[in-house]
Amino acid sequence: MSHAILLLAHGTPDVLGEMAEYLSKVTSGRPMPAEVVEELKHRYSLIGLRETPGEDSPHLTKWTFAQGEALENLLVGTPVYAAMRNWSPYIADVVEQMRADGVTKIRALCLAPQNSRTSVGLYRKALLAAATGMEIEFLSAWAEHPLLVEAFVEKLQPVLDAANAEAGRKVPVLFTAHSVPTRTVMTGPASIEGARPGTPMQDTPDPYPEQAKRTAALVAERLGLTEQDYRFAFQSQGVSGGPWLGPTVEEVLTTLRDEGHTSVVLQPIGFLCDHVEILYDIDIAFKELAGGMGLKLTRAESLNDSATLTRALADLATSTTVPFEKVSA
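Residue numbers (my numbering): 1 to 329.
Rather than coming from a laboratory, the hints here were simulated on the basis of the structure.
Ideal Cβ positions, reconstructed from N, Cα and C, are used throughout, including at glycine.
It is possible that part of the hints are untrue.
[As the list claims (entries may be wrong)] Straight-line distance between alpha carbons at most 25 Å, and here's what the computed DSS-like set of lysine-lysine pairs gives:
no., residue 1, residue 2
1, LYS287, LYS105
2, LYS287, LYS213
3, LYS105, LYS170
4, LYS287, LYS170
[Stated by the list, open to error] Quick list of the computed label-pair ranges, beta carbon to beta carbon:
no., residue 1, residue 2, range
5, ARG257, THR226, 32 to 40 Å
6, THR118, ILE284, 34 to 42 Å
7, GLU38, ASP93, 38 to 46 Å
8, LYS326, GLU166, 48 to 56 Å
9, SER45, ASP229, 20 to 28 Å
10, LEU75, LEU223, 28 to 36 Å
11, THR320, THR118, 26 to 34 Å
12, GLU288, PRO146, 29 to 37 Å
13, ALA20, GLY121, 47 to 55 Å
14, LYS326, GLY291, 27 to 35 Å
15, ASP161, GLU251, 21 to 29 Å
16, PRO79, ALA167, 41 to 49 Å
Start from the sequences and build out the full structure, keeping to the hints where you can.
Here is the structure:
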């Protein structure tokens, strides 16, 4: 064996007792206040995570492994590995297993289709640190891939049709992507816009905000939606200091209510599978907030094990035209 596909994802803890250690990985070692750790443990508990492993405790990384298995089945003969940046199986450990299996060339795909320095950039850094001496092909973004767009359309269409029929009118669509700190997408020296000391200067703006909006626009276009039919928001702003990208979901829901809407269909287009930002932030917190405003919020199902998503990954994995970055680590 010499060539293999590597899927890279965020990772999530398996039990509640791992939360503090997990968060330290997410923040690159910066300690989180005890109350933040407890709040996140509470949120994970509401979506089913337990203190100890068990069949009823949701291992949210199961979707990443399911996506990898489906891709390997489709590719036939090309091995597919999956690794996490913030939890096991860690990128470094999976790369070592790949070495042991005889892999010398890795084609790496991030399960985050929009390129952000805070996600894709960190995956790339971790991979290059681990894969010394190996040939790497790394794909930074695939936000406009037609099969990705088709996969989102397949999940959104029936939900939107049902909402429109129930309301007897067009129901607005709200697309969301995970917010990031404003400082991570800015250009120029670290002193501007409240950046932390030591934040590196960036010569170009981070493509993430525009790529996320572009994915949403392509899905809307496929559904025949006009710019008046849909909105975009960044969700799940963090607790770190400084501003985060907006508008927030809370702000957009308020606007929709003030415009007289009574229903909204939400689709997170920055995520490829269920995790806490969907199962808690949307399904619990945003639905409760919307209900208090008199809005019925319905969510399109996540892609999870979508066959169309698998086809998109397979197309990327075998493409000779997609602009992979070739790196000798």
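Taking the hints in turn, this is what the structure says about them:
1. LYS287 x LYS105: Measuring from Cα to Cα gives roughly 45 Å; hence the hint is violated.
2. LYS287 x LYS213: holds, 22 Å
3. LYS105 x LYS170: The given pair, whose Cα atoms are some 50 Å apart, is violated under the 25 Å limit.
4. LYS287 x LYS170: holds, 19 Å
5. ARG257 x THR226: 32 to 40 Å: Distance hint for ARG257, THR226 is violated at roughly 21 Å.
6. THR118 x ILE284: 34 to 42 Å: Violated, at about 25 Å.
7. GLU38 x ASP93: 38 to 46 Å: violated, 29 Å
8. LYS326 x GLU166: 48 to 56 Å: Since the Cβ atoms of LYS326 and GLU166 sit about 51 Å apart, the hinted range of 48 to 56 Å holds.
9. SER45 x ASP229: 20 to 28 Å: violated, 37 Å
10. LEU75 x LEU223: 28 to 36 Å: Holds, at about 30 Å.
11. THR320 x THR118: 26 to 34 Å: About 30 Å separates the Cβ atoms of THR320 and THR118, which means 26 to 34 Å holds.
12. GLU288 x PRO146: 29 to 37 Å: Between GLU288 and PRO146, where Cβ atoms are some 36 Å apart, the hint holds.
13. ALA20 x GLY121: 47 to 55 Å: violated, 25 Å
14. LYS326 x GLY291: 27 to 35 Å: Once the Cβ atoms are compared, 50 Å apart, the range 27 to 35 Å for GLY291 and LYS326 is violated.
15. ASP161 x GLU251: 21 to 29 Å: Roughly 27 Å apart at Cβ, these two residues keep to the hinted range, so it holds.
16. PRO79 x ALA167: 41 to 49 Å: Distance hint for PRO79, ALA167 holds at roughly 48 Å.
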